[in-house]
Amino acid sequence: MENLTRSLQAMSALLHEKSNPAFKPQSKCMEDVRSDQVNEQTMEDITKFELKAETLLTNLLLEKLYSLESEVEQLRAELAAAMRGNDILRVEVQNTQDDLSCATHKLKDLELQMLKKDENINCLQTDLEESTKQLTTMKGILPKVSGDRDMLWERVKQCSEENMLLSAEDNILKKKIVALEEDLLLKGQITILKDMLKEDF
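Residues 26 to 226 in the working numbering are what the sequence shown lists, from first letter to last.
Certain hints may be false.
Taking lysine-lysine pairs in the DSSO-like style, the calculated list, with each CA pair at most 30 Å apart, reads [said to hold, decoys possible]:
hint	residue 1	residue 2
1	K89	K73
2	K200	K142
3	K133	K200
4	K169	K158
5	K133	K199
6	K182	K142
7	K200	K131
8	K77	K133
9	K142	K73
10	K212	K131
11	K141	K201
12	K182	K199
13	K141	K219
14	K131	K142
15	K201	K219
16	K212	K223
17	K200	K158
18	K201	K133
19	K141	K200
20	K199	K141
21	K212	K200
22	K200	K182
23	K212	K141
24	K142	K199
25	K141	K158
26	K158	K201
27	K158	K182
28	K77	K89
29	K182	K164
30	K200	K219
31	K142	K212
32	K131	K141
33	K199	K212
34	K133	K212
Derived CB-CB ranges, DEER-like [unchecked claim]:
hint	residue 1	residue 2	range
35	G165	L132	48 to 58 Å
36	K199	A107	55 to 65 Å
37	V203	N111	13 to 23 Å
38	I215	N111	26 to 36 Å
39	I197	D112	47 to 57 Å
40	L218	L85	21 to 31 Å
Because the hints were derived from the structure by calculation, they are not lab data.
The beta carbon of each residue, even a glycine, is placed where N, CA and C say it ideally should be.
Between the sequences and the hints, there should be enough to build the whole structure, so can you do that?
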(Lines of atoms letter the chains of each structure in order from A and count residues from 1; the text may use other names and numbers.)
(Lines give C-alpha, C1' and ligand atoms only; values in the text may rest on other atoms or scores of the structure.)
Protein backbone atom coordinates (compact mmCIF):
# COMPACT_ATOMS: atom_id res chain seq x y z
CA MET A 1 0.00 0.00 0.00
CA GLU A 2 2.93 2.37 0.70
CA ASN A 3 4.33 1.69 -2.78
CA LEU A 4 0.99 2.57 -4.35
CA THR A 5 0.81 5.75 -2.29
CA ARG A 6 4.28 6.85 -3.38
CA SER A 7 3.47 6.04 -7.02
CA LEU A 8 0.23 8.00 -6.78
CA GLN A 9 2.08 11.00 -5.36
CA ALA A 10 4.68 10.81 -8.15
CA MET A 11 1.97 10.59 -10.83
CA SER A 12 0.10 13.53 -9.29
CA ALA A 13 3.28 15.63 -9.37
CA LEU A 14 3.93 14.75 -13.00
CA LEU A 15 0.31 15.38 -13.89
CA HIS A 16 0.45 18.81 -12.27
CA GLU A 17 3.67 19.58 -14.09
CA LYS A 18 2.26 18.46 -17.45
CA SER A 19 -1.00 20.37 -17.02
CA ASN A 20 0.78 23.59 -16.00
CA PRO A 21 0.55 26.13 -18.87
CA ALA A 22 4.03 27.35 -18.05
CA PHE A 23 5.52 23.88 -18.65
CA LYS A 24 8.14 23.97 -21.43
CA PRO A 25 10.51 21.23 -22.53
CA GLN A 26 14.19 22.21 -22.25
CA SER A 27 14.82 21.57 -25.94
CA LYS A 28 12.11 24.12 -26.90
CA CYS A 29 12.60 26.73 -24.23
CA MET A 30 13.98 29.23 -26.75
CA GLU A 31 11.13 28.88 -29.23
CA ASP A 32 8.37 31.49 -29.18
CA VAL A 33 5.49 29.33 -30.48
CA ARG A 34 4.72 25.65 -29.95
CA SER A 35 3.50 23.54 -32.77
CA ASP A 36 0.06 21.87 -32.70
CA GLN A 37 1.74 18.48 -32.76
CA VAL A 38 3.52 19.17 -29.48
CA ASN A 39 0.25 20.40 -27.92
CA GLU A 40 -1.57 17.24 -28.97
CA GLN A 41 1.25 15.10 -27.62
CA THR A 42 1.07 16.98 -24.34
CA MET A 43 -2.69 16.41 -24.02
CA GLU A 44 -2.23 12.73 -24.79
CA ASP A 45 0.46 12.50 -22.08
CA ILE A 46 -1.82 14.24 -19.64
CA THR A 47 -4.63 11.79 -20.42
CA LYS A 48 -2.29 8.83 -19.93
CA PHE A 49 -1.09 10.23 -16.63
CA GLU A 50 -4.67 10.80 -15.52
CA LEU A 51 -5.58 7.21 -16.41
CA LYS A 52 -2.54 5.90 -14.55
CA ALA A 53 -3.37 8.08 -11.57
CA GLU A 54 -6.97 6.85 -11.55
CA THR A 55 -5.76 3.25 -11.84
CA LEU A 56 -3.34 3.72 -8.94
CA LEU A 57 -6.04 5.40 -6.89
CA THR A 58 -8.49 2.58 -7.65
CA ASN A 59 -5.91 -0.04 -6.65
CA LEU A 60 -5.14 1.88 -3.50
CA LEU A 61 -8.81 2.10 -2.56
CA LEU A 62 -9.36 -1.59 -3.34
CA GLU A 63 -6.41 -2.59 -1.21
CA LYS A 64 -7.71 -0.41 1.60
CA LEU A 65 -11.16 -2.00 1.21
CA TYR A 66 -9.68 -5.52 1.37
CA SER A 67 -7.73 -4.53 4.47
CA LEU A 68 -10.87 -3.19 6.16
CA GLU A 69 -12.83 -6.31 5.23
CA SER A 70 -10.07 -8.46 6.73
CA GLU A 71 -10.16 -6.42 9.92
CA VAL A 72 -13.95 -6.74 10.10
CA GLU A 73 -13.74 -10.52 9.67
CA GLN A 74 -11.11 -10.73 12.40
CA LEU A 75 -13.26 -8.63 14.74
CA ARG A 76 -16.26 -10.86 14.00
CA ALA A 77 -14.20 -13.97 14.82
CA GLU A 78 -12.96 -12.40 18.06
CA LEU A 79 -16.49 -11.38 19.00
CA ALA A 80 -17.79 -14.91 18.35
CA ALA A 81 -14.98 -16.39 20.46
CA ALA A 82 -15.72 -13.95 23.28
CA MET A 83 -19.43 -14.84 23.18
CA ARG A 84 -18.62 -18.55 23.31
CA GLY A 85 -16.30 -17.96 26.25
CA ASN A 86 -19.02 -15.96 27.99
CA ASP A 87 -21.52 -18.80 27.49
CA ILE A 88 -19.04 -21.31 28.92
CA LEU A 89 -18.43 -19.10 31.96
CA ARG A 90 -22.17 -18.68 32.47
CA VAL A 91 -22.66 -22.46 32.47
CA GLU A 92 -19.75 -22.96 34.88
CA VAL A 93 -21.13 -20.32 37.25
CA GLN A 94 -24.57 -21.95 37.17
CA ASN A 95 -23.04 -25.37 37.89
CA THR A 96 -21.06 -23.93 40.78
CA GLN A 97 -24.18 -22.31 42.22
CA ASP A 98 -26.07 -25.61 41.93
CA ASP A 99 -23.24 -27.49 43.67
CA LEU A 100 -23.12 -24.88 46.41
CA SER A 101 -26.87 -25.09 46.94
CA CYS A 102 -26.69 -28.89 47.18
CA ALA A 103 -23.79 -28.68 49.65
CA THR A 104 -25.75 -26.18 51.77
CA HIS A 105 -28.73 -28.55 52.02
CA LYS A 106 -26.44 -31.42 52.97
CA LEU A 107 -24.80 -29.26 55.62
CA LYS A 108 -28.18 -28.38 57.14
CA ASP A 109 -29.09 -32.08 57.25
CA LEU A 110 -25.81 -32.85 59.01
CA GLU A 111 -26.46 -30.11 61.55
CA LEU A 112 -29.91 -31.58 62.32
CA GLN A 113 -28.42 -35.05 62.68
CA MET A 114 -25.75 -33.71 65.01
CA LEU A 115 -28.38 -32.04 67.21
CA LYS A 116 -30.35 -35.29 67.41
CA LYS A 117 -27.24 -37.24 68.32
CA ASP A 118 -26.39 -34.70 71.02
CA GLU A 119 -29.85 -35.19 72.48
CA ASN A 120 -29.36 -38.95 72.42
CA ILE A 121 -26.02 -38.60 74.18
CA ASN A 122 -27.63 -36.47 76.89
CA CYS A 123 -30.39 -39.02 77.35
CA LEU A 124 -27.85 -41.82 77.60
CA GLN A 125 -25.82 -39.87 80.15
CA THR A 126 -28.97 -39.25 82.17
CA ASP A 127 -29.85 -42.96 82.03
CA LEU A 128 -26.32 -43.85 83.07
CA GLU A 129 -26.46 -41.51 86.04
CA GLU A 130 -29.84 -42.92 87.02
CA SER A 131 -28.54 -46.46 86.76
CA THR A 132 -25.55 -45.54 88.89
CA LYS A 133 -27.83 -44.06 91.53
CA GLN A 134 -29.99 -47.16 91.54
CA LEU A 135 -26.91 -49.36 91.90
CA THR A 136 -25.72 -47.30 94.86
CA THR A 137 -29.13 -47.56 96.49
CA MET A 138 -29.18 -51.32 96.00
CA LYS A 139 -25.75 -51.68 97.53
CA GLY A 140 -26.96 -49.81 100.59
CA ILE A 141 -30.04 -51.98 100.97
CA LEU A 142 -28.22 -55.28 100.31
CA PRO A 143 -26.62 -55.71 103.81
CA LYS A 144 -29.97 -55.05 105.50
CA VAL A 145 -32.16 -57.26 103.29
CA SER A 146 -30.63 -60.74 103.20
CA GLY A 147 -33.76 -62.26 101.77
CA ASP A 148 -33.57 -60.09 98.69
CA ARG A 149 -29.82 -60.61 98.22
CA ASP A 150 -30.06 -62.99 95.28
CA MET A 151 -32.60 -60.82 93.52
CA LEU A 152 -30.47 -57.75 94.05
CA TRP A 153 -27.41 -59.60 92.77
CA GLU A 154 -29.20 -60.45 89.57
CA ARG A 155 -30.24 -56.83 89.29
CA VAL A 156 -26.65 -55.74 89.74
CA LYS A 157 -25.53 -58.14 87.05
CA GLN A 158 -28.26 -56.78 84.78
CA CYS A 159 -27.20 -53.21 85.50
CA SER A 160 -23.60 -54.16 84.78
CA GLU A 161 -24.59 -55.59 81.44
CA GLU A 162 -26.57 -52.43 80.72
CA ASN A 163 -23.53 -50.40 81.71
CA MET A 164 -21.38 -52.36 79.27
CA LEU A 165 -23.95 -51.83 76.56
CA LEU A 166 -24.06 -48.14 77.36
CA SER A 167 -20.27 -47.98 77.23
CA ALA A 168 -20.31 -49.68 73.86
CA GLU A 169 -22.94 -47.26 72.62
CA ASP A 170 -20.92 -44.42 74.11
CA ASN A 171 -17.88 -45.52 72.10
CA ILE A 172 -20.03 -45.72 68.99
CA LEU A 173 -21.38 -42.26 69.68
CA LYS A 174 -17.85 -40.95 70.23
CA LYS A 175 -16.87 -42.29 66.83
CA LYS A 176 -19.93 -40.63 65.35
CA ILE A 177 -18.94 -37.39 67.11
CA VAL A 178 -15.52 -37.62 65.46
CA ALA A 179 -17.25 -38.09 62.12
CA LEU A 180 -19.44 -35.08 62.86
CA GLU A 181 -16.35 -33.01 63.69
CA GLU A 182 -14.94 -33.98 60.30
CA ASP A 183 -18.25 -32.93 58.77
CA LEU A 184 -17.96 -29.60 60.62
CA LEU A 185 -14.47 -29.17 59.18
CA LEU A 186 -15.95 -29.82 55.74
CA LYS A 187 -18.61 -27.23 56.54
CA GLY A 188 -15.89 -24.69 57.30
CA GLN A 189 -14.16 -25.45 54.03
CA ILE A 190 -17.46 -25.09 52.16
CA THR A 191 -18.09 -21.75 53.92
CA ILE A 192 -14.64 -20.53 52.87
CA LEU A 193 -15.33 -21.63 49.29
CA LYS A 194 -18.70 -19.88 49.40
CA ASP A 195 -17.07 -16.65 50.61
CA MET A 196 -14.46 -16.88 47.86
CA LEU A 197 -17.19 -17.32 45.25
CA LYS A 198 -19.06 -14.30 46.64
CA GLU A 199 -15.91 -12.22 46.37
CA ASP A 200 -15.41 -13.35 42.75
CA PHE A 201 -18.90 -12.20 41.82
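Hints versus structure:
no.: 1; hint: K89 with K73; result: holds, 24 Å
no.: 2; hint: K200 with K142; result: holds, 12 Å
no.: 3; hint: K133 with K200; result: holds, 20 Å
no.: 4; hint: K169 with K158; result: holds, 18 Å
no.: 5; hint: K133 with K199; result: holds, 21 Å
no.: 6; hint: K182 with K142; result: holds, 28 Å
no.: 7; hint: K200 with K131; result: holds, 20 Å
no.: 8; hint: K77 with K133; result: violated, 84 Å
no.: 9; hint: K142 with K73; result: violated, 103 Å
no.: 10; hint: K212 with K131; result: holds, 10 Å
no.: 11; hint: K141 with K201; result: holds, 12 Å
no.: 12; hint: K182 with K199; result: holds, 25 Å
no.: 13; hint: K141 with K219; result: holds, 26 Å
no.: 14; hint: K131 with K142; result: holds, 16 Å
no.: 15; hint: K201 with K219; result: holds, 26 Å
no.: 16; hint: K212 with K223; result: holds, 16 Å
no.: 17; hint: K200 with K158; result: holds, 27 Å
no.: 18; hint: K201 with K133; result: holds, 17 Å
no.: 19; hint: K141 with K200; result: holds, 15 Å
no.: 20; hint: K199 with K141; result: holds, 14 Å
no.: 21; hint: K212 with K200; result: holds, 18 Å
no.: 22; hint: K200 with K182; result: holds, 27 Å
no.: 23; hint: K212 with K141; result: holds, 18 Å
no.: 24; hint: K142 with K199; result: holds, 10 Å
no.: 25; hint: K141 with K158; result: holds, 26 Å
no.: 26; hint: K158 with K201; result: holds, 28 Å
no.: 27; hint: K158 with K182; result: holds, 15 Å
no.: 28; hint: K77 with K89; result: holds, 18 Å
no.: 29; hint: K182 with K164; result: holds, 12 Å
no.: 30; hint: K200 with K219; result: holds, 28 Å
no.: 31; hint: K142 with K212; result: holds, 18 Å
no.: 32; hint: K131 with K141; result: holds, 15 Å
no.: 33; hint: K199 with K212; result: holds, 19 Å
no.: 34; hint: K133 with K212; result: holds, 10 Å
no.: 35; hint: G165 with L132: 48 to 58 Å; result: holds, 50 Å
no.: 36; hint: K199 with A107: 55 to 65 Å; result: holds, 56 Å
no.: 37; hint: V203 with N111: 13 to 23 Å; result: violated, 45 Å
no.: 38; hint: I215 with N111: 26 to 36 Å; result: holds, 27 Å
no.: 39; hint: I197 with D112: 47 to 57 Å; result: holds, 51 Å
no.: 40; hint: L218 with L85: 21 to 31 Å; result: violated, 60 Å
Checked against the numbered hints above, the structure breaks hints 8, 9, 37, 40 and satisfies the rest.
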